[in-house]
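Asks: Listed here are the chains, written in short residue letters.
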Amino acid sequence: MSEQPQPDQLAKRRRTKNLALAGVLLVMVVLFYIITVVRMGGN
Amino acid sequence: MQATDTAARLSEAGVTHAAHEGASVGDYVQLLKPRVMSLVVFTGVAGLVLAPGHIHPVLAVVAVLCIAVGAGASGAINMWYDRDIDAVMSRTRGRPLPTGRMAPGEALGFGAVLAAGAIMVMGLAVNWAAAALLSLTIAFYVFVYTMWLKRRTPQNIVIGGAAGAFPPMIGWAAVTGDISLVSLALFAIIFMWTPPHFWALSLYRSEDYERAGVPMMPVVAGRRETQCQILLYSALLVPVTLLPWWLGAVGTAYAVGTLLLGAVLVMLAVRVYRDHEGSGGDRAAKALFAYSILYLFVVFALLMVDRALGFGPAGAAVTS
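If you read the sequences in order, they're chains A and B. Every letter in the first sequence is one number past the one before it in this note's numbering, and letter 11, counting from 1, is 11. All you need for this note's numbering is the position in the second sequence, starting with 1, plus 43.
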């Protein structure tokens, strides 16, 4: 069984997860924008 | 029944549901089985490169991304379903679910959302033939292999191996929007490669599988039968790798290269066959397992290089 993480460790992990999720969302926005441009260009 | 077994096995392994707060970004990455994903992506790219026709580079990248995410999603759902047996196998007990770092529902939700997202984006951005193949791949891996075959028959990885063989067909369909004989040949190569690859692993991990109650070939049919099957599938794989050349998709350089690679594979399979007692800590089986990974990478690399350099009669013949 893994040890219970400390509250500050949990907060740090949650913050890292939030930042990672923000990064993924940002990448998706850019990707969908580029896909739209490409598809509208007749591909 | 599955839930009861799961609870009992997790409890046996010392995992409680109290420690689910500690999942890190790395745990989510681990759920995606990145090492498996790398092989899936590579063979998917091979399908894209070998297919006749043109695809916009951005859409090619999107197709590869969808294949990677779809493979990762399958891995996450597999880890959710198999968390009970993962907890008792030394190779897998460090995963996020058996260690209690992540709640099972979180892994399932993560996998399901990624799977749905990958299929949707593939369909909308690339084409629906590739999306249909991607959804078939995920469904096959989750329902046919993980939930149905894995715990029931030693043929689990023979039939279930089809899930890992679809990526080049998806890559091909992303370009052409269809299935062809050549893409089926690429499928056949991975399909025939999977049994000797996993049975080599299971030869020196049989105790793990036995403890987990997974009926892998060495556990059910014994070591000798597994060695025979490994040799048989390795020998059959060699002519199957020649199919793309025979269908005219690639040239003689590929055929010669893949024959040499295949000869080494069969030689290693013969060494496994002769190793009755698993001497030297199953050195022969470990060597075959390691080489089989390199083998598949190099065979698909050869296909791509041959195609890119135009050694083969590329063009008309490959549209069959």
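Just so you know, the hints here were simulated from the structure itself, not pulled from any lab data. Because the structure is a prediction, the values reported are computed rather than measured. Keep in mind that the hints are not guaranteed to be accurate.
Stated by the list, open to error - With the C-beta cut set under 10 Å, the calculated list includes, among others, these residues of chain A facing chain B:
1) GLN9
2) LEU10
3) ARG13
4) THR16
5) LYS17
6) LEU19
7) ALA20
8) VAL29
9) LEU31
10) PHE32
11) ILE34
12) VAL37
13) VAL38
14) ARG39
15) GLY41
Said to hold, decoys possible - Residues from chain A that keep clear of chain B, each with C-beta distances beyond 10 Å, as calculated:
16) ASP8
17) LEU26
18) ILE35
To be verified - Derived pair list, reagent style DSS-like, types lysine-lysine, alpha-carbon separation capped at 30 Å:
19) B:LYS193 x B:LYS329
20) B:LYS193 x B:LYS76
21) A:LYS12 x B:LYS329
22) B:LYS329 x A:LYS17
23) B:LYS329 x B:LYS76
The beta carbon of each residue, even a glycine, is placed where N, CA and C say it ideally should be.
Asks: Hints first: check each against the structure and report whether it holds.
Replies: Do the hints match the structure? See the list:
About 8 Å separates the beta-carbon of GLN9 of chain A from the nearest beta-carbon of chain B, less than 10 Å, and the hint is met. Annotation: interface hint on LEU10 of chain A holds; nearest CB of chain B at approximately 6 Å, less than 10 Å. The interface hint given for ARG13 of chain A holds, since its Cβ lies 5 Å from the closest Cβ of chain B, which is under the 10 Å cut-off. The criterion of a C-beta within 10 Å of any C-beta in chain B is met by THR16 of chain A, whose closest approach is roughly 6 Å, and the hint holds.
At about 6 Å, the closest approach between the beta carbon of LYS17 of chain A and any beta carbon in chain B falls short of 10 Å, and the interface hint on this residue holds. Interface restraint check: LEU19 of chain A against chain B, minimum CB-CB distance 9 Å, threshold 10 Å, status holds. Because the beta carbon of ALA20 of chain A sits about 5 Å from the nearest beta carbon in chain B, less than 10 Å, this interface hint is met. Interface hint at VAL29 of chain A: violated, since its Cβ lies 13 Å from the closest Cβ of chain B, which is beyond the 10 Å cut-off.
Here the hint on LEU31 of chain A is kept, as its CB sits about 7 Å from the closest CB of chain B, short of 10 Å. At its closest, the beta carbon of PHE32 of chain A sits 8 Å from a beta carbon of chain B; the interface hint therefore holds under the 10 Å criterion. Hint status for ILE34 of chain A relative to chain B: holds, with the closest Cβ pair at about 6 Å, below 10 Å. With its C-beta approaching chain B no nearer than about 8 Å, VAL37 of chain A sits inside the 10 Å limit, and its interface hint holds.
With a cut of 10 Å, the hint placing VAL38 of chain A at the interface with chain B holds, because the nearest CB-to-CB distance is about 5 Å. About 7 Å separates the beta-carbon of ARG39 of chain A from the nearest beta-carbon of chain B, less than 10 Å, and the hint is met. The restraint placing GLY41 of chain A at the interface with chain B holds, with a minimum CB-CB distance near 8 Å, inside the 10 Å limit. For ASP8 of chain A, the non-interface assignment is confirmed: its Cβ lies about 12 Å from the closest Cβ of chain B, beyond the 10 Å cut-off.
Distance to chain B confirms LEU26 of chain A as a non-interface residue, since its nearest Cβ pair spans about 15 Å, more than 10 Å. The beta carbon of ILE35 of chain A sits about 5 Å from the closest Cβ of chain B, which is not more than 10 Å, so the claim that it is off the interface is violated. The straight-line distance between the Cα atoms of LYS193 of chain B and LYS329 of chain B is roughly 22 Å, inside the 30 Å bound, and the hint therefore holds. In summary, the hint linking LYS193 of chain B to LYS76 of chain B is supported, as the alpha carbons are separated by about 18 Å, within the 30 Å threshold.
Between the alpha carbons of LYS12 of chain A and LYS329 of chain B the distance comes to roughly 40 Å, so the proposed pair goes past 30 Å and is violated. Taking the CA atoms of LYS329 of chain B and LYS17 of chain A, the gap is about 37 Å. The hint is violated against a cut of 30 Å. With a C-alpha separation of about 21 Å, the suggested pair LYS329 of chain B and LYS76 of chain B falls inside the 30 Å cut-off, and the hint holds.
Violation of the numbered hints given earlier is confined to hints 8, 18, 21 and 22; the remaining hints are satisfied by the structure.
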